[in-house]
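There are 2 protein chains.
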Amino acid sequence: MVDKEMPSAHPVPVDDLTPLAQRAGARRCGGAPEGVAFVDGGGVTSARGFAAAGVHAGFRKNPERFDLALVAADEPCACAGTFTQNVFCAAPVTVSREHLDGVSYGIARAVVVNSGIANAATGERGLEAAREMARIAADAVGCPEQEVMVASTGVIGEHLPLDPFRTGVPAALEKLSREGGHDAARAIMTTDTHPKEAAATFSGDGVGYDGCTFTVGGMAKGSGMIMPNMATMISVITTDAPLSADALHTALVEAVNGSFNRVTVDSDTSTNDTCLMFASGAAAPAGAAPFAVGTPAYEAFLATLKAVCVNLARQMASDGEGATRLVTVNVTGAASAADADAAARTVANSPLVKTAVTGHDANWGRIAAAIGRSGAAFRQQDAAIDIMGLPVCRGGLTVPFDEDEALRRFEQDEIVLDIDLGAGDAAATMWTCDFSHDYITINGDYRT
Amino acid sequence: MVDKEMPSAHPVPVDDLTPLAQRAGARRCGGAPEGVAFVDGGGVTSARGFAAAGVHAGFRKNPERFDLALVAADEPCACAGTFTQNVFCAAPVTVSREHLDGVSYGIARAVVVNSGIANAATGERGLEAAREMARIAADAVGCPEQEVMVASTGVIGEHLPLDPFRTGVPAALEKLSREGGHDAARAIMTTDTHPKEAAATFSGDGVGYDGCTFTVGGMAKGSGMIMPNMATMISVITTDAPLSADALHTALVEAVNGSFNRVTVDSDTSTNDTCLMFASGAAAPAGAAPFAVGTPAYEAFLATLKAVCVNLARQMASDGEGATRLVTVNVTGAASAADADAAARTVANSPLVKTAVTGHDANWGRIAAAIGRSGAAFRQQDAAIDIMGLPVCRGGLTVPFDEDEALRRFEQDEIVLDIDLGAGDAAATMWTCDFSHDYITINGDYRT
Numbered sequence: 001m002v003d004k005e006m007p008s009a010h011p012v013p014v015d016d017l018t019p020l021a022q023r024a025g026a027r028r029c030g031g032a033p034e035g036v037a038f039v040d041g042g043g044v045t046s047a048r049g050f051a052a053a054g055v056h057a058g059f060r061k062n063p064e065r066f067d068l069a070l071v072a073a074d075e076p077c078a079c080a081g082t083f084t085q086n087v088f089c090a091a092p093v094t095v096s097r098e099h100l101d102g103v104s105y106g107i108a109r110a111v112v113v114n115s116g117i118a119n120a121a122t123g124e125r126g127l128e129a130a131r132e133m134a135r136i137a138a139d140a141v142g143c144p145e146q147e148v149m150v151a152s153t154g155v156i157g158e159h160l161p162l163d164p165f166r167t168g169v170p171a172a173l174e175k176l177s178r179e180g181g182h183d184a185a186r187a188i189m190t191t192d193t194h195p196k197e198a199a200a201t202f203s204g205d206g207v208g209y210d211g212c213t214f215t216v217g218g219m220a221k222g223s224g225m226i227m228p229n230m231a232t233m234i235s236v237i238t239t240d241a242p243l244s245a246d247a248l249h250t251a252l253v254e255a256v257n258g259s260f261n262r263v264t265v266d267s268d269t270s271t272n273d274t275c276l277m278f279a280s281g282a283a284a285p286a287g288a289a290p291f292a293v294g295t296p297a298y299e300a301f302l303a304t305l306k307a308v309c310v311n312l313a314r315q316m317a318s319d320g321e322g323a324t325r326l327v328t329v330n331v332t333g334a335a336s337a338a339d340a341d342a343a344a345r346t347v348a349n350s351p352l353v354k355t356a357v358t359g360h361d362a363n364w365g366r367i368a369a370a371i372g373r374s375g376a377a378f379r380q381q382d383a384a385i386d387i388m389g390l391p392v393c394r395g396g397l398t399v400p401f402d403e404d405e406a407l408r409r410f411e412q413d414e415i416v417l418d419i420d421l422g423a424g425d426a427a428a429t430m431w432t433c434d435f436s437h438d439y440i441t442i443n444g445d446y447r448t
Numbered sequence: 449m450v451d452k453e454m455p456s457a458h459p460v461p462v463d464d465l466t467p468l469a470q471r472a473g474a475r476r477c478g479g480a481p482e483g484v485a486f487v488d489g490g491g492v493t494s495a496r497g498f499a500a501a502g503v504h505a506g507f508r509k510n511p512e513r514f515d516l517a518l519v520a521a522d523e524p525c526a527c528a529g530t531f532t533q534n535v536f537c538a539a540p541v542t543v544s545r546e547h548l549d550g551v552s553y554g555i556a557r558a559v560v561v562n563s564g565i566a567n568a569a570t571g572e573r574g575l576e577a578a579r580e581m582a583r584i585a586a587d588a589v590g591c592p593e594q595e596v597m598v599a600s601t602g603v604i605g606e607h608l609p610l611d612p613f614r615t616g617v618p619a620a621l622e623k624l625s626r627e628g629g630h631d632a633a634r635a636i637m638t639t640d641t642h643p644k645e646a647a648a649t650f651s652g653d654g655v656g657y658d659g660c661t662f663t664v665g666g667m668a669k670g671s672g673m674i675m676p677n678m679a680t681m682i683s684v685i686t687t688d689a690p691l692s693a694d695a696l697h698t699a700l701v702e703a704v705n706g707s708f709n710r711v712t713v714d715s716d717t718s719t720n721d722t723c724l725m726f727a728s729g730a731a732a733p734a735g736a737a738p739f740a741v742g743t744p745a746y747e748a749f750l751a752t753l754k755a756v757c758v759n760l761a762r763q764m765a766s767d768g769e770g771a772t773r774l775v776t777v778n779v780t781g782a783a784s785a786a787d788a789d790a791a792a793r794t795v796a797n798s799p800l801v802k803t804a805v806t807g808h809d810a811n812w813g814r815i816a817a818a819i820g821r822s823g824a825a826f827r828q829q830d831a832a833i834d835i836m837g838l839p840v841c842r843g844g845l846t847v848p849f850d851e852d853e854a855l856r857r858f859e860q861d862e863i864v865l866d867i868d869l870g871a872g873d874a875a876a877t878m879w880t881c882d883f884s885h886d887y888i889t890i891n892g893d894y895r896t
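Taken in order, these protein sequences are the chains called A and B. If you count by this note's numbering, then the first sequence holds residues 1 to 448, one letter each, in order. If you count by this note's numbering, then the second sequence holds residues 449 to 896, one letter each, in order.
Calculated from the structure, these hints are not laboratory results. We put the beta carbon where it would ideally sit given N, CA and C, even for glycine. It cannot be assumed that every hint is accurate.
[Said to hold, decoys possible] Taking CB as the label site, the calculated pair distances span:
1) A:Q381 <-> B:G823: 32 to 38 Å
2) A:A292 <-> B:G823: 35 to 41 Å
3) B:Q533 <-> A:A289: 53 to 59 Å
4) B:E859 <-> A:D163: 37 to 43 Å
5) B:G742 <-> A:A335: 39 to 45 Å
6) B:L610 <-> A:P400: 18 to 24 Å
7) B:Q470 <-> A:D101: 40 to 46 Å
8) A:P161 <-> B:D850: 22 to 28 Å
[Said to hold, decoys possible] With the C-beta cut set under 7 Å, the calculated list includes, among others, these residues of chain A facing chain B:
9) F88
10) T271
11) A369
12) R373
13) L397
14) T398
The following block holds chain A by itself, in its conformation from the complex (with noise of 0.2 Å):
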């Protein structure tokens, strides 16, 4: 017996039951802009002057399971950084920022990263601990320990044993190669059920570097706990484009706020989000100009770098914890921008439409109730609403559609759910899971 909040079918009159994804003006996301063109199995190491290495360093029990890595620079090169903004930071967090903002400003050479424990919630100690991590690998790797970049992803709480750094920096420094960005990605995961990568390239033809192709390549840990607040996602990013640390730092933003902030609510609020980013212009002929902001070399560099790092955070999504389907949330006609990511998190966020969408049903009470509570300003007369394409609601109200087809689209790995607030002219896309029963057993397991 249908018992609750659940719309049900009858007819309405309504004029234009066009798709929401077809009319003129909505906004899509996740493909390849113009010109960008992906790098089959790229990764962290595709750009010219990074090598990379995955290795067993003993923070785990499983010998087999890889758990540190590292990621070097042939050279020093520019580097930006955004981490979390969590009361709760992590002592990695602290060091990495006071090394970028330090005497070595925006310059780095290398970035280790351990997966295991978190070294988070560990007072003065964990902060010691973190530099003597950084100064083990500046050794190694020959450079100032404020050009080494750390990062943890693990248990809270626990303090970072140094010993596993002091035999597992050398044994993958023995390892370091271009190919070795695939090992990286391993040695960063943590309850991800497989690595994260993704790299892209573009011309720099026509636009001042004529003959030069530069790579944006990163790998990503993250979708661990991807609900709601606490993806600790790690994501290191490089790239063989000329860039000035304080122009890298500028792509980087707009590319994490378009990207890897866009993955449920508050992810980029956990105690050791980082996302890292380092350019070795390797791929510009020698004396080259850094690309500027705003000119043609950097918007087209921008484009890749958004288009690497959404592929990353859809893969992160996709990979949920429990997850089985990609959650694609699209709102437009807000009146701001603001509106418009309001009912998109909201709605991306609401447990029972992620519950819906493990149920294959096309409930749209759910997100009309997500909406109208978002504090996005509109009309419910106005609203419209479809499901993988499906028109559901027009004029606030419920529009016939088959059920079967419904439950046919249902079938797809990646859910797409359009709304369109009819109050003007802002859209903004998040991307989620959907909430199973693995969800449930795998965070509500005992302890014990």
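Take the given structure of chain A and dock chain B to it, following the hints.
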């Protein structure tokens, strides 16, 4: 294998392991305040001057299940209401607001509630149905239609049939009695597993009404969708104390803010949320002055009303879909009331915290991450956390605790999380439930 953010014990120097609940100034909620006596088996008809009934009218298919409740006052009396702020507000909410704000401002005689169909997202036709629902009840009770309040809960987007009111309201009128409160409480249930009722009395002695005993009683349905944002909550509360509509409204707003609005975030913003209160004055001598806001009599009334609302709110939280535990989140030491509220809501809405409770996992790292991203101002080195009275975090660091003892304490029906931010004197409490496999089953089942 421990594979993600989870605190592990390591000794840290800590001076004060007093449980937070025992610290001076710690605020506890839930118990009856001094002078308030709960009435065993009390409900919406415990106060004098009211009668109620619940019947099967035909909104649901199961003939054994009540689906129409009528609560009527013997005489027109003071009435106040609080309603959802969701943009997608349902037709009965619009109509009840119109009636309360209209010509009969603050005076009402009855409320009629149906379950099964929410009359939400139904446009103009829904508004007309809600008005007709009021007219049918007004004709039966013998009062102007503006003196009838209406509420609905159930399916969104389906039109409300009127025939069940035409037969059901007369049937309810026939059964109307002082004992009918329990049937009415059953009639408004949706996925609730049991009816929710509470009543309490306070004495007029010493507050200007010597010899009088006043009663506040109510019923509620709710927790079908108690997860963030959609507890479609309906409550009807009555009292035989004498109050003006304005004073009643002032008291109701304060009581609802401290109770129903503290059952997870946005529980006040579903499409149909409605809380109505009636004051008959029947327990005061004829001609007695109504309680004026701020007088001792008003304060005694307010304390009793709050106790009844908190009792109903806790019943709603513990009956959340698939809930195995009531979870109470107490935040103290916040820099402001807004910070306390933000921290408590963020913890109460964290799927990771809720699944940890299901799993009996004293995982304070998840609580720390939630308060850290809540926006509340504090320093991690000042934060303290207790789980079921066991200190697990002091000074932002892990405190060793007895894991077996923690597991034993998790067997209780109510799980209490105490958090002190160490940043000020403000406090807040939120009630929620855990997040179990049954929640996914209930909300994720195929709609077919």
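Tested hints:
no.: 1; hint: A:Q381 <-> B:G823: 32 to 38 Å; verdict: holds (33 Å)
no.: 2; hint: A:A292 <-> B:G823: 35 to 41 Å; verdict: holds (36 Å)
no.: 3; hint: B:Q533 <-> A:A289: 53 to 59 Å; verdict: holds (55 Å)
no.: 4; hint: B:E859 <-> A:D163: 37 to 43 Å; verdict: holds (40 Å)
no.: 5; hint: B:G742 <-> A:A335: 39 to 45 Å; verdict: holds (41 Å)
no.: 6; hint: B:L610 <-> A:P400: 18 to 24 Å; verdict: holds (22 Å)
no.: 7; hint: B:Q470 <-> A:D101: 40 to 46 Å; verdict: holds (42 Å)
no.: 8; hint: A:P161 <-> B:D850: 22 to 28 Å; verdict: holds (25 Å)
no.: 9; hint: F88; verdict: holds (4 Å)
no.: 10; hint: T271; verdict: holds (6 Å)
no.: 11; hint: A369; verdict: holds (5 Å)
no.: 12; hint: R373; verdict: holds (4 Å)
no.: 13; hint: L397; verdict: holds (5 Å)
no.: 14; hint: T398; verdict: holds (4 Å)
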